[in-house]
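Engineer: With chain L's structure known, arrange chain R on it following the hints.
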Amino acid sequence: MESDWTLTRLDGRDDVALVTVELHNPSPVDRRVRVTNCLSGPVLPPRRAGVPERGWDPDGFAGVVPAGDRRTLGYACPAPDERPPVEVRDEGRARAEASASTAAAAIRGLDAARPPADALPDASAARGAGAAGAAMETGTGERPDDEAVSQNGDASASDGIPSATGTDPAASSDDPTTVPPAVTAWLAAAERRIERGEQLTDASAETVAAAIDGTDDLATLDEAVAADAERLRAVSARAARLAERAAAVDVPYAALRRLA
Amino acid sequence: MIVAVAGGKGGVGKTTVAYNLGAVLDAVVVDADLGMADLPHSQGPDLHDVLAGRADPMEAVRHGRVSLLPCGRSLAGARAADVSRLAEALRTVAARVGDVVVDCPAGLRADVGVPLAVADACVLVASPRRFALADVVRTRELARELDAGLIGVVLNRTAADDDVPADALRRTLGAPVSAVPADPRVGRSVDDERPVASAAPDSAAAEVFRSLGGRVRTCKRERRGRDGHSVNSV
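From first to last, the protein sequence lines are chains L and R.
With the first letter of the first sequence counted as 1, position 36 gets the number 36 in our numbering; the numbers rise by one all the way through.
Positions in the second sequence are counted from 1; adding 1000 to them yields our numbering.
Note that these hints are calculated values from the structure, not bench results.
Virtual Cβ for every residue (Gly too), placed ideally from N, Cα, C.
Accuracy of the hints is not assured; some may be wrong.
[Claimed, not checked] Sample of chain L residues at the chain R side, in silico, Cβ under 10 Å: (1) Thr102; (2) Pro116; (3) Ala243.
Chain L with its partners taken away, still in its complex shape (with noise of 0.2 Å):
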């Protein structure tokens, strides 16, 4: 068994190691093979559907090079340079493999099961929001996310931001996809202070000059960027867990009609 291999750094990250290697079987039978990965971290093999292709394991890859060959394979490895990165290992002539029937290949080689993220009601409604919100608002690229959040952001507006929030309630369950116009009002506002913080950060002098021009806010500008950070961590955090006890909730309407 030939075998040769090289290591590049993945654009832009010197923290992760692609690993390609080469193997030609040059002899006139089919052998097996065994690489290993020779670097310190876990192997992120090629995936399909998310399941790793066949022959990968966390130690690297087995399989089979058919006579008169080549096969290439490639990982990544988030880990420093080693030479050399892989031990390739023949493990002599291949015998005929049982066909792997497991559930790996079924989910690698059918469609799969999980139905689309438009198909969510919440999906939807983030992005009607969004919409609505966009053409009321800025408009800027980040609007479902900030609306997603925002769906819940009613309760967790108690949480120390002080806002007429729940000042129009009924609006909310009349329309699921209707934010509190206060959530809206604060979210618009965070951004506006982050975008500015955005224009400061790394900025050449020409951009400061021109922003700092007219204006008296910057002492505490970061202060409050970092405040909104905070906030809306906590924020997104609270949303999130609701929204996961939101949609665990079921409730047994008929039987509870029958009990009744």
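Structural biologist: Only chain R this time, still in chain L's reference frame:
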């Protein structure tokens, strides 16, 4: 032993057959239809929770006239469910309770493939209408690829005037074909949680399920004898 009940087309009665076969075998019936669950559901963890890693498979089993492992009804739950955990969940339940009957969804996607790959054998359900038969042939092909031996084919809700090519089907699919005559007691059995084998023991349907159950038991004994080879893989 894990038996998958599959059939390609939806609405042919896979759930009814799985439920009644489960009753005969005293097995746990698992509703693997992640997107459109059919078996009765009540409070507590379900298969979505199991596949999302939130519950142990045995926690989700409900004991009743027929033990069930129901599936959640929400699309969000279906989306969060990781079908790669299904194999392990089915094996866990089978190791704990003995027999498991899996009610597979319609179609030929991964949520059908995983139960067929894990199952020791399968039962196919078809409507006696000719247009529905192509789907059962396709499912048979998938079961063959995934090494799920075919125990039998159930033609559900046959009527006296149905012109069913039973012989051709038996030759094509390579397994006995049995017909369950249309009977309201069979249709109601799942919703009422009253399997026909006990609700109407003298009915033709009950006889079909008993004989199917007998074939599953025979297959189980043969497997034990041969130590893990698949049955009837033609």
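Engineer: Hint by hint, where does the structure go against what was stated? Just the numbers, ascending.
Structural biologist: none
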